[in-house]
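If you read the sequences in order, they're chains B and V. For the first sequence, the residue numbers in my numbering are 1 to 384. For the second sequence, the residue numbers in my numbering are 1001 to 1197.
Any given hint could be a false lead.
Unchecked claim - One-sided excerpt, in silico: chain V residues whose CB lies under 10 Å from chain B:
(1) Ile1110
(2) Pro1112
(3) Glu1147
(4) Tyr1154
To be verified - Examples of chain B residues lying across from chain V (beta carbon under 10 Å, computed):
(5) Ala24
(6) Leu106
(7) His149
(8) Trp187
(9) Arg200
Simulated from the structure, these hints should not be mistaken for lab results. Ideal Cβ positions, reconstructed from N, Cα and C, are used throughout, including at glycine.
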Amino acid sequence: MYLKSLNLRHFRNYAEQSVNFTAAKTIILGDNAQGKSNLIEAVEILSALKSHRTSRDRELIHSSQTSAQIVGNLDRLDSNLELSITLRANGRRTVALNGLTQRRQLDFLGKLNMVQFSSLDLDLVRGGPDCRRSWIDGLLVQLEPIYAHILQQYNHILRQRNARLKTLKAGVQNTSGDLVIDDLALWDAQLAIAGSRVIRRRDRVIQRLLPFAQHWHEAISGKSEQLQINYKPNVSGDTDLNNLGQSTPEAIQSQFLDKIREKRTIELYQGTTLVGPHRDDIEFTVNETIARQYGSQGQQRTLVLALKLAELKLIEDVIGEPPILLLDDVLAELDLHRQNQLLDAIQDRFQTLITTTHLGSFDAQWLNSAQILHIKAGQLSTTP
Amino acid sequence: MYTRPLARLIEHFQHLPGVGPKTAQRLALHILKRPEAEVAALAQALIDAKKQVGTCSVCGHLSADPLCDICSSPKRDNGIICVVSDSRDLIALEKTREYKGKYHVLGGLISPIDGIGPEQLNIKALVQRVSKQDAREVIMAIAPSVEGETTTLYVAHLIKPFTKVTRIAFGLPMGGDLEYADEVTLARALEGRRELE
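Throw the hints in and build the complete structure from the sequences for me.
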């Protein structure tokens, strides 16, 4: 797919800005704090309807305004789409496809597919489990937009169950006398049903991503280092890691409920839910050594690059056309060898938007074929 | 900008659901233009409604009498009770004119976040009703939200020992095109499929 143009109104530090992308690779060049990452963020929002930098729409809107708009024109194999989103300071949003307002945001998700790679992505290896969860959830939403609904439902049940646990902790008793039935058990059942859906989909996407990631990891490291990605669902404990994919939803649910029973006393004591996919983790190992603990900086970079390339290929595989690659301030950090690996992998098939502060470390091949845009204080131009 | 009594009126209108500052102003100015008798009638109607309308002692539906029209009607089937979360849902079902049984209004849904537990709802009366009156069937007609689902499960659990419990179907709207239905609804409709007779 190809993003032809982007139009920003009152978004972040942009007043009114149109940009046409004229080459498969676009390099956005500018000093720090001029709006490079904001541009990338705008594309991310068109794709995922959320930003990894903030969850408050207020921050996305130019400080002197009450609303902002992002419009993108996208060529897909089967259609041309105009994607538009209006953000408001009060948090309400309007999304439209080809000028038609969509009632449900779910219909907007998965239209623009992208893989984002920024310097923050090293957190995939080094950061906490929440980084890996939000990474895998973001990928899933692109491949299976309905997952956004499944996850939202799970989180909703989780909040209700936490509220119930808190009242139990505070000693608020059920006062209806003879009608004593355990309403916490009902939340348990709902949590297990919604949670097992999350677990099954996460497991499935990791199984699909693994062969691509292994291929790229081997190619980049140039050695026969074996990458392994292990999904560690919180409900499974230390056993049954491998046959989760073959488990029926009922089997996962019953394991889920077993675990809840096991943790009941602690949950009541802490007043919060300790069991479920909101506590999942994903473990990367190289030659059976956990990458987080033993990998060198270079190995960790190789691993993250392999994961990102795997994402590109998996999305291409599932969607049937290449997604857009967003490289935010990350290319200069890669050495020439890894830059070339990346270049070879994407060639001209993947439209790529690249932000950087200087062109010095770029391979000449990159510069020759790229469109270069200069950015200063929220203004884009083709000349410095 | 507004003289004080007018400002107060506008402010009160603004507290109503679905009314913003502009509508509130419009309503208030309209009131000022009407004859005083009409305004007095409106004021009286507000007070009367508030004073006289309570809930039915049996089903919990809004009613000025201790027993609502539906509960006191001899034409309605005592053997079927339809459980809804509030009176608005009951009215929607009544409009179909298809249902000849009786109702039970819970007055909300279980939602710990909002501090609503089963004990805040009109559930105890339902259990007593079902156990005493010999109901053949209880129909759960509650929206399939997270809270609705929990409430349905809770209530069903309590009354299953006494009678048959069913729930209304979820799925495609009538006259709706399959291709325009969203995935969530379709998945739900698939789950609830049934054999052709």
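Hint check:
1. Hint on Ile1110 (chain V) holds. Least Cβ distance to chain B is approximately 7 Å, under the 10 Å limit.
2. Among the interface hints, the one on Pro1112 (chain V) holds; its C-beta lies about 4 Å from the nearest C-beta in chain B, closer than the 10 Å criterion.
3. Interface restraint check: Glu1147 (chain V) against chain B, minimum CB-CB distance 7 Å, threshold 10 Å, status holds.
4. A least Cβ separation of about 6 Å between Tyr1154 (chain V) and chain B falls short of the 10 Å threshold, and the interface hint therefore holds.
5. With a cut of 10 Å, the hint placing Ala24 (chain B) at the interface with chain V is violated, because the nearest CB-to-CB distance is about 33 Å.
6. Interface hint status for Leu106 (chain B): upheld, as the beta-carbon distance to the closest one in chain V is roughly 6 Å, under 10 Å.
7. Evaluation of the His149 (chain B) hint against chain V yields a held restraint, the C-beta minimum of about 5 Å falling below 10 Å.
8. Because the smallest distance between the Cβ of Trp187 (chain B) and any Cβ of chain V comes to about 7 Å, under 10 Å, the interface hint for this residue holds.
9. The closest approach between the C-beta of Arg200 (chain B) and any C-beta of chain V is roughly 14 Å, which is over the 10 Å cut-off, so the hint fails.
Hints 5, 9 from the earlier list are contradicted by this structure; the remaining hints agree with it.
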